[in-house]
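Number of protein chains: 2
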Amino acid sequence: MNEKLKSIVDEIYNEMKKGQIPKVELKSRNKDNIVFDNLSGVWKYGNNTVKRYASKTNSAKSILKMLYIIDFIDEMEQDLKTSTLREMYYISEGWGLGKFESQDESDMMTEDLEVMTTLLREEMRLRPEESGASVIGNLTLKEMNRKGEWKEINCRDDVGDAGYTIPYNVEPEKIQFVSEDVDFVLAIETGGMFDRLVENRFDEKMRSLLVHIKGQPSRSTKRLINRLNKELHIPVVVFTDGDPWSFRIFASIAYGAIKTAHISDILATPNSEFVGITASDIVRYELPTDKLSDKDIEALHAELEDPRFNTPFWKGEIETMLNLGKKAEQQALAKYGLNFVTDTYLPEKLKEIGII
Amino acid sequence: MNEKLKSIVDEIYNEMKKGQIPKVELKSRNKDNIVFDNLSGVWKYGNNTVKRYASKTNSAKSILKMLYIIDFIDEMEQDLKTSTLREMYYISEGWGLGKFESQDESDMMTEDLEVMTTLLREEMRLRPEESGASVIGNLTLKEMNRKGEWKEINCRDDVGDAGYTIPYNVEPEKIQFVSEDVDFVLAIETGGMFDRLVENRFDEKMRSLLVHIKGQPSRSTKRLINRLNKELHIPVVVFTDGDPWSFRIFASIAYGAIKTAHISDILATPNSEFVGITASDIVRYELPTDKLSDKDIEALHAELEDPRFNTPFWKGEIETMLNLGKKAEQQALAKYGLNFVTDTYLPEKLKEIGII
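Line by line, the protein sequences are chains B and U.
Here our numbering is used: position 294 in the first sequence is 294, and no number is missing along the way.
Here our numbering is used: position 7 in the second sequence is 7, and no number is missing along the way.
Next comes chain B alone, as it looks inside the complex:
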């Protein structure tokens, strides 16, 4: 069993043996205890902790459920299995008093275990159903497949035009980088634009690794981008639609989220750059636009208060968008033809932010 998980069990066991009331202790997940760390540029936990004593029925039940989960993880480890969070919720039907009331409860407890152990839930063999990013470009990696063998894959030459799909777990025990020959990672929001850049062979022409993040990126997608940046020192550039929700996609890749503050270090990539679509691009390239909805406007105002957007660049772009009252999609660049994005827009913008 994983040492960190074992130490939780050991502590409870020892307390009971000594006749003490068993407890678990973890960092407080209260919002007051989650702060934006300006130095590292990500959300982090403070030092407040909470203790849950088995002297109350609810806490006792919650400790029991946690022990059931740890036992389940141990069982999966022996059988080389993994489980979706949903499957674990259903499996708890057989856990008597340990049965979860709802998947929200079991998901929350999985996060508690992450906070306590600093292990990713994926390392604990628990995973969401989200599908991972598609990747195309000259990166060779090896994946530990379900048969327990390392399989080497070049993400440009060994795949079809839909690219290589990353698995739910991209930790080194599952994915290792073998070699690469790219100058930057381009994380792309929409499938239409990803396919456009693939068809236009932007990965080859601009020596880039194209990553289709499929809207709000999954944890494994963010983790892959983090590893590419941290281990291989490849700069990361994010390319999204031009609207408040897409700005949040950038923020979540660069600075992480409150919900995952305990694992910001391994999920966020604070030196990511944003290439567009910006509000200034809408004006500069006279892009076809849609009117901002009331929800869009509300989201932009919320972003003005969000510490992740507290820079002159972002404040300027958000205010420009509010003044314009307009948003635009990545694919709006097609106004100037199918090659405009790869021949003109991206080279111009990437030069401006110093990537090429």
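Just to be clear, a hint being listed does not mean it is correct.
[Unchecked claim] Straight-line C-alpha distance at most 25 Å; calculated SDA-like pairs for lysine to any residue:
| # | chain 1 | residue 1 | chain 2 | residue 2 |
| --- | --- | --- | --- | --- |
| 1 | U | K61 | B | Y336 |
| 2 | U | K99 | B | P288 |
| 3 | U | K151 | B | I175 |
| 4 | U | K27 | U | N47 |
| 5 | B | K214 | U | Q216 |
| 6 | B | K291 | U | L97 |
Hints listed in this document are in silico derivations from the structure and should not be mistaken for laboratory results.
Given the coordinates of chain B, work out where chain U should sit on it, guided by the hints.
Frame of chain B; chain U shown alone:
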């Protein structure tokens, strides 16, 4: 240029040359002209046609837009490009009077061209943004990649655990089957269940080709299943959640949809089998359930009127579900552990429907 597209242009040209008012003629897309063909088990068009004469401003504009599209397709053919439907809508910004009012209009006209030519829009180089199915199993195919080279891929040995992702176009000019060694195709609704069967190596143990259809399947997914069944004679089995929306997923794979009645022959697979989750399974396996919502109940009642469900099996299952007032997910089978679905449920059910 494609012959079928050229003949549309030729006809308009000849009419104008003869001093006649140019027109286009296509099968009526009125619902009255779309009938469920009990013999072939799919939706089909009747023989009513409509003519659009350029003597009315609206029809003249619509003919102009159609000519712009055909010209755009021809251009893409020469440049070896494709375009998303969204990109074409934006590109029409530069078409003067040919500019589309909305993407609904350009999408509709693309369908008109499909009805007139019996070409798929994918063959006309126009595609949606939907991502295609993931496939795992012992099927070797070759894909014509963006460089114009055939790339051979075995969907079990040459891919990671996330499988091979099919491209937007699976016509023989893009995808050809090389060899296979599987007894049936299992089309799976949810990612969680697909991953479960992959991890449990159901493809190897039961000689099956696992296809993750990702909810309501895209056209390319349905077309791939159709080709596997028609060309390679592999039986198709559909495995979904047990609720009215999942029943519709089965119906759309097996019998097609009204919207795509003009291409039922190449999208639908009428001899597909449904393995579950059925309402009877909920009772038989005592599965964890959720209560049917008002919308669920409404959908089930609509299905009782739908010709695609006009069989004793479906009428029985729909009525059982209404009587139970319950629905269940595929993953609810995890109540009995992670191996129950592959060791017990699927073998039992597949035997009953005569697949194994």
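Here is what the structure says about each hint:
With a C-alpha separation of about 22 Å, the suggested pairing of U:K61 with B:Y336 holds against the 25 Å cut-off. Distance hint between U:K99 and B:P288 is fulfilled; the C-alpha atoms sit about 12 Å from each other, no more than 25 Å. A distance of roughly 24 Å separates the Cα atoms of U:K151 and B:I175; the hinted pair therefore holds under the 25 Å criterion. For the hint linking U:K27 to U:N47, the alpha-carbon distance of about 7 Å falls within 25 Å, and the restraint holds.
The straight-line distance between the Cα atoms of B:K214 and U:Q216 is roughly 17 Å, inside the 25 Å bound, and the hint therefore holds. For the suggested pair B:K291 and U:L97, the alpha carbons sit about 23 Å apart, so the restraint of at most 25 Å is met.
Consistency with the previously given hints is maintained throughout, with no hint failing.
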